Amino acid sequence: MSAFETELKRGRFVVCQCTNCDKITWPPNDFCSSCFGSNSWRDVQSPGIIIECSGKDGNKFCIAEFEGIIRIMGAVSSPDPKPGQKVRIAKCSFDKEPRFTFSAD
Amino acid sequence: MNAVAVAGHCTTKFSAGDIKIESLLFSAAKSLFEQTQNLTQKDIDVVLVSTNDNKKYLAPIISEMSGISPKISHNIESMCNSGTNSIVSAFSYISSGLADVALVVGAERFDSPGQVLEWDLSRGEFRHPVFWASMFTKAHKRKFGTTEEQLAYVSAKNHRNAQDNPSAYDSKKYTIEEIMNSKKLTDDLRLLDCSRPCSGSAAVLLVSEKVARKFTDSPVWIRGIGQKTTSASFTRNDLTRIESTIDASVQAYSMAKTAPDKIDVAEVHDAFTICEMMILEDLGIVQKGHAGKYIVDMYNTESRKINPRGGLIGSGHPLGATGIAQVAEIATQLQANAAGRQVEGAKLGLVQNMSAAATSSTVLILES
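Chains as they are written, first to last, in my numbering: chain A, 1 to 105; chain B, 1001 to 1368.
Next up, chain B with everything else stripped away, as it sits in the complex (with noise of 0.2 Å):
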């Protein structure tokens, strides 16, 4: 199998902006051939686009819009980990020899329709994330003593986190008594226990070992890789720990040959305070039921370990940008130029991105 590089990659900033998915999509292309050495159309061998936008053949269009004509031009959507399950694709025409150069693109809108799936009718009536967030919020208090103000230090240190991300759509910084007086939106979650959607765009240049160094000095490797989907609908899952995300995990640790307490620096998916408390207890870097004072721990410390961009809660949650987005973001601090926000000395970074109620889950572990 080759091994497969991050040569380049760029971050467009978020907005709610009514923008066409053509234009985000372009745009980051543009910027990562603008921010990339040596790049030209004819080096590209593959276009994958990530959106959960209802246009067709967007591939194509960004490829012809971008003067490229790859061998390989496709869409990949799965609902908010299309970001990472494209890279996985990328990584897989690269690894077996099919292509040497692969630009993945991804971008949403804020008014995305992969928000709800429509398909899952065990939600009943009660569709929208919030509701299956409430459910893992209320099992995760009741089986852990999880409480209000530990979730509310999820959302303070990634807004806090976010103030030193240019590409964020909130920077604002809120006290954990803003958080916690935040607007209810159920008994267990408020308004900024959320991540919101928005427009935004992300891209991610893969390269093989062969031609790594024309396009960067400072490849960063695609070490581990591991998927996992439990089912499509939420209620037949434990509510207290995201199964698709452990097993993920073991697979990705396991491909790189490395374990939870090497990791140096994550992006995870906190969509809702909840997710980053279970994500990190399922990804084995803290001890199940003890994630409420590790974060406040970090809060306190102001460590950047975990979601130095601020995450999906401080910047945004542009749902097919969202996953390419936590990519550039661990490339970027592996190749030390996060300025602000960089995770000293960091050398080994995790990417942990999920759809639909959590029941996939896509765990990477990259390395510089």
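Okay, chain A solo, but in the shape it has when bound (with noise of 0.2 Å):
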């Protein structure tokens, strides 16, 4: 299980960056996708931006950008979203796949 499993399942959503040129990796790899340099492990900051939603049955989901270059989709806690809407992590988990929900800012 890869560090940002690990940290999901105890409900840390973190993202890796370049220790030599600061670069962000997305989706997570221990290794930095610009100048192959290692990675380190830091919690993801908010508030994100909703992109694009949607909805199932009744509930929303939607993808969220953070930090302007990590994009995410998650269910969305607000009956209403709208791209351009700010929204929180309000909880996230691993259970052999990711799981966010947002919530409004």
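Errors might be hidden in some of the hints.
As the list claims (entries may be wrong) - Label pairs and their in silico Cβ distance ranges:
{"hint": "1", "chain 1": "A", "residue 1": "G37", "chain 2": "B", "residue 2": "T1229", "range": "15 to 25 Å"}
{"hint": "2", "chain 1": "A", "residue 1": "P47", "chain 2": "B", "residue 2": "A1336", "range": "56 to 66 Å"}
{"hint": "3", "chain 1": "A", "residue 1": "P83", "chain 2": "B", "residue 2": "H1128", "range": "17 to 27 Å"}
{"hint": "4", "chain 1": "A", "residue 1": "D43", "chain 2": "B", "residue 2": "T1229", "range": "29 to 39 Å"}
{"hint": "5", "chain 1": "A", "residue 1": "G68", "chain 2": "B", "residue 2": "N1002", "range": "33 to 43 Å"}
{"hint": "6", "chain 1": "B", "residue 1": "Y1057", "chain 2": "A", "residue 2": "S38", "range": "36 to 46 Å"}
{"hint": "7", "chain 1": "A", "residue 1": "S46", "chain 2": "B", "residue 2": "A1016", "range": "38 to 48 Å"}
{"hint": "8", "chain 1": "A", "residue 1": "S77", "chain 2": "B", "residue 2": "E1177", "range": "29 to 39 Å"}
{"hint": "9", "chain 1": "A", "residue 1": "S34", "chain 2": "B", "residue 2": "E1149", "range": "43 to 53 Å"}
{"hint": "10", "chain 1": "A", "residue 1": "S78", "chain 2": "B", "residue 2": "E1148", "range": "21 to 31 Å"}
{"hint": "11", "chain 1": "B", "residue 1": "T1147", "chain 2": "A", "residue 2": "S77", "range": "43 to 53 Å"}
Unchecked claim - Listed next, the in silico PhoX-like pairs over lysine-lysine satisfying Cα-Cα at most 25 Å (straight line):
{"hint": "12", "chain 1": "B", "residue 1": "K1184", "chain 2": "B", "residue 2": "K1210"}
{"hint": "13", "chain 1": "B", "residue 1": "K1288", "chain 2": "A", "residue 2": "K56"}
{"hint": "14", "chain 1": "A", "residue 1": "K60", "chain 2": "B", "residue 2": "K1210"}
{"hint": "15", "chain 1": "B", "residue 1": "K1141", "chain 2": "A", "residue 2": "K60"}
{"hint": "16", "chain 1": "A", "residue 1": "K96", "chain 2": "B", "residue 2": "K1210"}
{"hint": "17", "chain 1": "B", "residue 1": "K1347", "chain 2": "B", "residue 2": "K1210"}
{"hint": "18", "chain 1": "B", "residue 1": "K1183", "chain 2": "A", "residue 2": "K56"}
{"hint": "19", "chain 1": "A", "residue 1": "K56", "chain 2": "B", "residue 2": "K1141"}
{"hint": "20", "chain 1": "B", "residue 1": "K1172", "chain 2": "B", "residue 2": "K1293"}
{"hint": "21", "chain 1": "B", "residue 1": "K1257", "chain 2": "B", "residue 2": "K1288"}
{"hint": "22", "chain 1": "B", "residue 1": "K1288", "chain 2": "A", "residue 2": "K86"}
{"hint": "23", "chain 1": "A", "residue 1": "K56", "chain 2": "B", "residue 2": "K1184"}
{"hint": "24", "chain 1": "A", "residue 1": "K60", "chain 2": "B", "residue 2": "K1143"}
{"hint": "25", "chain 1": "B", "residue 1": "K1184", "chain 2": "B", "residue 2": "K1173"}
{"hint": "26", "chain 1": "B", "residue 1": "K1143", "chain 2": "B", "residue 2": "K1288"}
{"hint": "27", "chain 1": "A", "residue 1": "K86", "chain 2": "B", "residue 2": "K1143"}
{"hint": "28", "chain 1": "B", "residue 1": "K1305", "chain 2": "B", "residue 2": "K1042"}
{"hint": "29", "chain 1": "B", "residue 1": "K1184", "chain 2": "B", "residue 2": "K1071"}
{"hint": "30", "chain 1": "B", "residue 1": "K1013", "chain 2": "A", "residue 2": "K82"}
{"hint": "31", "chain 1": "B", "residue 1": "K1288", "chain 2": "A", "residue 2": "K82"}
{"hint": "32", "chain 1": "B", "residue 1": "K1042", "chain 2": "B", "residue 2": "K1143"}
{"hint": "33", "chain 1": "B", "residue 1": "K1184", "chain 2": "B", "residue 2": "K1143"}
{"hint": "34", "chain 1": "B", "residue 1": "K1214", "chain 2": "B", "residue 2": "K1030"}
{"hint": "35", "chain 1": "B", "residue 1": "K1305", "chain 2": "B", "residue 2": "K1257"}
{"hint": "36", "chain 1": "B", "residue 1": "K1020", "chain 2": "B", "residue 2": "K1030"}
{"hint": "37", "chain 1": "B", "residue 1": "K1042", "chain 2": "B", "residue 2": "K1030"}
{"hint": "38", "chain 1": "B", "residue 1": "K1184", "chain 2": "A", "residue 2": "K82"}
{"hint": "39", "chain 1": "B", "residue 1": "K1288", "chain 2": "B", "residue 2": "K1141"}
{"hint": "40", "chain 1": "B", "residue 1": "K1143", "chain 2": "A", "residue 2": "K82"}
Note that these hints are calculated values from the structure, not bench results. Quantities reported herein were computed from a predicted structural model and do not represent experimental measurements. Glycine included, every Cβ here is placed at the ideal spot set by N, Cα and C.
Reassemble the complex: the two chains are provided individually, in unrelated frames, and hints are given to aid placement.
This is the structure we're talking about:
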């Protein structure tokens, strides 16, 4: 299990940043996709913004972007989410797959 | 670079059948031999197998089952565009002079493991393709005013076209109302907006110019090839344009020295109704944001220019076979052998095949 998955299991959404060139690699990996340097892990900074959203069976889901580069799909608790709306991570976990819930900022 | 032609092709009947992958592959290879003049096992230099199936060493297995001892034999997997990736590889072997005759066979079972890219953690729990397609659909509606009715016309057109395709999985004709009232999967997609995984296979024989006339009196030439992979993960891409298709099409038009307005017939990767709209725009066949009206007009005029065999929505989507079946259809059209679904006077055809939420695309241009 990767550090990303391990931290998600603990309820912590982390991202990897290169110790050499500072670039963020997303989706996460142990090494930088730009310079192949080693990555270190840190918490993702909120708020993010909704890029696009839809719904299923009355529940909403969206793509949210954090720090201008980290895009993730998750459930959104707002009844009427819209692109550009600010969101925070309300809950995250990992059980075979990542799970995120966003709430309006 | 040596010229490369399609000299033979076949597509088996797509179905929901629980059929072994080896049997699916073999049935396409067998049909190709039966339908191609003068073709013997000794002619084959290359056997390539396109599939997402987890079984190993399938190209050598199909070679042995078919009595072929090829120089080059291997599998190619690239999710939904494995088929055209295989065609491009076979083209490369022939155009470089390493081979003269390549048999490309693709197949998939209905329960293929290639339907979900597990690596892409950015999809979170929303890993099924219906979720990325919903994002595309909502973004296109929002930016261009695309309507659910316009989306339904894509499905109605392709199901109608599939009625004249004997290989199609679902040959039922649907009204716009039936499509718009089909089961709602998400806020933006209904069941009949989607292609369906199925079992099926297809094969293409690619040959050098030197030997082409031995196998066919009407070779179809591969004039242009474009390929582009922008990423493997879905979420980093623009939601209203398919960058991989734009890039691949520019390459293909340039290589073929042609332009979108010269294309007579095309098979495009309508995994979902929104995909056909975005692809037609990003291929330059229609202006950005105008695909909805273009497709409604095609339906009303009974034009078969786009997806004459019914595309993926009408024919079914056996992943590893899809790109090869698309090439087989365009070759059939350019040879004027498409019977009831023939596009009259077609001389120049295009195939667009893509994978993993449109992160990778192949565009081929074929000429009679």
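*asked:* For a C-alpha distance cap of 25 Å, please report whether K1305(B) and K1042(B) respect it.
replied: Distance of about 38 Å is beyond 25 Å: violated.
*Distance restraint between K1214(B) and K1030(B), which requires alpha-carbon spacing of 25 Å or less*: holds, 19 Å
_Next pair to validate is K1305(B) with K1257(B); report whether the Cα-Cα distance is within 25 Å._
Holds, because 21 Å separates the two Cα atoms, which is no more than 25 Å.
*Would you say the C-beta atoms of S77(A) and E1177(B) sit inside 29 to 39 Å of each other?*
holds, 35 Å
_Restraint check for K1288(B) with K82(A), where alpha carbons must lie at most 25 Å apart_ = holds, 23 Å
*Please test the hint of 56 to 66 Å on the beta carbon pair from P47(A) and A1336(B).*
For A1336(B) against P47(A), whose Cβ atoms are near 60 Å apart, the range 56 to 66 Å holds.
*Holds or violated: K1183(B) with K56(A), Cα cutoff 25 Å?*
Since the Cα atoms of K1183(B) and K56(A) sit roughly 12 Å apart, the hinted pair holds (cutoff 25 Å).
*Satisfaction of hint between K60(A) and K1141(B), Cα-Cα up to 25 Å*: holds, 17 Å
*Below or equal to 25 Å on CA atoms is what counts here, so check K1288(B) against K56(A).*
violated, 28 Å
_Given a hint of 15 to 25 Å, does the C-beta separation of G37(A) and T1229(B) actually sit inside it?_
holds, 23 Å
*Given the hint that K86(A) pairs with K1143(B), test it: the Cα-Cα distance must not exceed 25 Å.*
This hinted pair holds, its Cα atoms lying about 20 Å apart.
_Against the 25 Å threshold, does the CA-CA distance of K1143(B) and K82(A) hold or violate the hint?_
holds, 13 Å
Hint compliance for this structure: hints 5, 11, 12, 13, 14, 16, 22, 28, 29, 30 and 32 are not met, and every other hint is.
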